[in-house]
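What follows is the residue order along each chain.
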Amino acid sequence: KQEVTQIPAALSVPEGENLVLNCSFTDSAIYNLQWFRQDPGKGLTSLLLIQSSQREQTSGRLNASLDKSSGRSTLYIAASQPGDSATYLCAVQSSGDKLTFGTGTRLAVRP
Amino acid sequence: DTAVSQTPKYLVTQMGNDKSIKCEQNLGHDTMYWYKQDSKKFLKIMFSYNNKELIINETVPNRFSPKSPDKAHLNLHINSLELGDSAVYFCASSPRDRDYGYTFGSGTRLTVV
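Heads up: the protein sequence lines correspond to chains F and H, in order. Those letters in the first sequence? Residues 1 to 111, by this note's numbering. Those letters in the second sequence? Residues 1001 to 1113, by this note's numbering.
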């Protein structure tokens, strides 16, 4: 059974800092890994998707890496801004096309 | 707009009632899902349908019954609502090609009183 863990559970940083969110998963037989953002009371916005054959993906100030063999992914956010404040969710797609979510990292960026 | 749309956005109802949540996607995806986000914000899959066929049916009370009239629609009907059913329910879809990810709807916040 796939299990996904995210560390830290919560993070508060001053504006401008670079930060790293961590995600680990127990079963390395994945099709892809997706990072989402969820604002309070809102839906999920897809940020980045890394296919199982890829090592990383970049979008603007976001960079996500994947080490499938060790069951780890990181989301790097450069030059954080208050608008980045949200919950970040990591999810892996594995057998049965099931998307399994982590518990999330709640990020607060202080002005 | 291409998207996954679900209605209603908010639903407040009394215990014991029966309610439905509707979901439609115009992305041409083959598979649709229902996820439940509990009070601790954890997202867990409930059902998935591929081209109208039930694929995943997690341990969900049989008061919950998904219905897929066609590939673009997946509705969720809940009978005899209980207080513990209060949560946010998300519909999602994904294409056959696993190189592309999931697209989620904006959620339905269900409150049972």
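A portion of the hints provided could be inaccurate.
Said to hold, decoys possible - Using 30 Å as the maximum straight-line C-alpha spacing, the simulated DSSO-like pairs for lysine-lysine come out as follows:
#1 42/F - 1041/H
#2 1019/H - 68/F
#3 1041/H - 98/F
#4 1067/H - 1036/H
#5 1019/H - 1044/H
#6 68/F - 1067/H
#7 1022/H - 1036/H
Read the hints as simulated data drawn from the structure, not as lab findings. Keep in mind that this is a model prediction, so the values were computed, not measured.
**Message:** Tell me the numbers of any earlier hints that the structure contravenes, in ascending order.
**Reply:** As far as the earlier hints go, 2, 6 are violated by this structure, in ascending order.
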